[in-house]
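Plus 140 on top of the position in the sequence shown (first one is 1) and you've got my numbering.
Take the hints with a grain of salt, since some may be wrong.
As the list claims (entries may be wrong) - Dumping the calculated EDC-like pairs for lysine to aspartate or glutamate here, alpha-carbon to alpha-carbon at most 20 Å:
no., residue 1, residue 2
1, Lys-226, Glu-252
2, Lys-227, Glu-243
3, Lys-223, Glu-174
4, Lys-226, Asp-164
5, Lys-256, Glu-186
6, Lys-227, Asp-246
7, Lys-217, Glu-186
8, Lys-227, Glu-186
9, Lys-223, Glu-252
10, Lys-256, Asp-246
11, Lys-223, Asp-164
12, Lys-227, Asp-164
13, Lys-223, Glu-168
What the hints assert, rightly or not - Label pairs and their computed distance ranges (CB to CB):
no., residue 1, residue 2, range
14, Asn-172, Leu-214, 20 to 28 Å
15, Glu-252, Leu-195, 34 to 42 Å
16, Met-212, Lys-256, 20 to 28 Å
17, Met-212, Asp-164, 15 to 23 Å
Bear in mind the hints are in silico, worked out from the structure with no lab data behind them. Cβ coordinates follow ideal geometry from the N, Cα and C atoms, glycine included.
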Amino acid sequence: MRQATEQIFHLTSEPGYLYKTMADHLMERIANGELPPQMPLPAEGEISRQYGVSLGTTRLATQLLRQRGLVMTLRSKGTYPVKNSKKIALWFLQRKRDDPEQELADFLSFIEQRSKGTDAEAN
141 MRQATEQIFH LTSEPGYLYK TMADHLMERI ANGELPPQMP LPAEGEISRQ
191 YGVSLGTTRL ATQLLRQRGL VMTLRSKGTY PVKNSKKIAL WFLQRKRDDP
241 EQELADFLSF IEQRSKGTDA EAN
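Between the sequences and the hints, there should be enough to build the whole structure, so can you do that?
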């Protein structure tokens with residue numbers, strides 16, 4: 141029997157924009173390597189439970205990521221983060237930050253982490 145997953149993430153958002161906030165949070169998890177390209181995202185029901193949102197909100201969030209070209213869905217296989225780090229890097233740069241120095245440090249760390257993953261895949 142499958143064990144119920146408790147809500148792990150708590151999102152706050154303007155009314156009507158929860159799916160956008162959720163998509164951004166999923167993208168953060170992809171960018172930091174928690175959700176790597178070679179592994180499918182958790183099932184929509186699992187993501188819904190993790191975030192404490194409806195299945196419809198989860199579907200809108202993953203649809204938004206697909207429209208942005210940040211994930212791809214393979215029929216009967218799941219939804220995967222794209223391997224194209226340029227799209228992910230562009231998303232990272234487009235985010236609004238309050239601290240430019242921290243943004244640069246985060247971006248350089250992100251690029252270094254992604255390049256290590258690419259080097260490992262090549263070997």
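Do the hints match the structure? See the list:
With a C-alpha separation of about 13 Å, the suggested pair Lys-226 and Glu-252 falls inside the 20 Å cut-off, and the hint holds. For the proposed pair Lys-227 and Glu-243, the alpha carbon gap of about 17 Å is at most 20 Å, so the pair holds. Using a Cα cut-off of 20 Å, the hinted pair Lys-223 and Glu-174 holds, with the two alpha carbons roughly 14 Å apart. A threshold of 20 Å between alpha carbons decides the hint, and for Lys-226 with Asp-164 the separation of about 17 Å falls inside it, so the pair holds.
Among the hinted pairs, Lys-256 with Glu-186 is inconsistent with the structure: their alpha-carbon atoms are about 29 Å apart, more than 20 Å. Restraint check for Lys-227 and Asp-246: the C-alpha separation of about 16 Å stays at or below 20 Å, so the hint holds. Distance check on the hinted pair: Lys-217 and Glu-186 sit about 16 Å apart at the alpha-carbon level, within 20 Å; holds. For the hint pairing Lys-227 with Glu-186, the CA-to-CA distance comes to about 26 Å; that exceeds 20 Å, so the pair is violated.
Between Lys-223 and Glu-252, the direct Cα distance comes to roughly 15 Å. Compliance with the 20 Å bound is thereby established for this hinted pair. Only pairs whose Cα atoms come within 20 Å are accepted, and Lys-256 paired with Asp-246 is accepted, the gap being roughly 15 Å. Restraint check: the Cα-Cα separation between Lys-223 and Asp-164 comes to about 17 Å, which is no more than 20 Å; the hinted pair holds. A threshold of 20 Å between alpha carbons decides the hint, and for Lys-227 with Asp-164 the separation of about 14 Å falls inside it, so the pair holds.
The suggested pairing of Lys-223 with Glu-168 holds, with an alpha-carbon distance near 15 Å, which does not exceed 20 Å. Separation of Asn-172 from Leu-214 is about 23 Å and conforms to the stated range, judged on CB atoms against 20 to 28 Å. At about 36 Å, the CB distance of Glu-252 to Leu-195 agrees with the hint of 34 to 42 Å. Judged by the Cβ atoms, the range 20 to 28 Å given for Met-212 and Lys-256 holds: they are separated by roughly 22 Å.
A hinted range of 15 to 23 Å holds for the C-beta pair Met-212 and Asp-164, which are about 18 Å apart.
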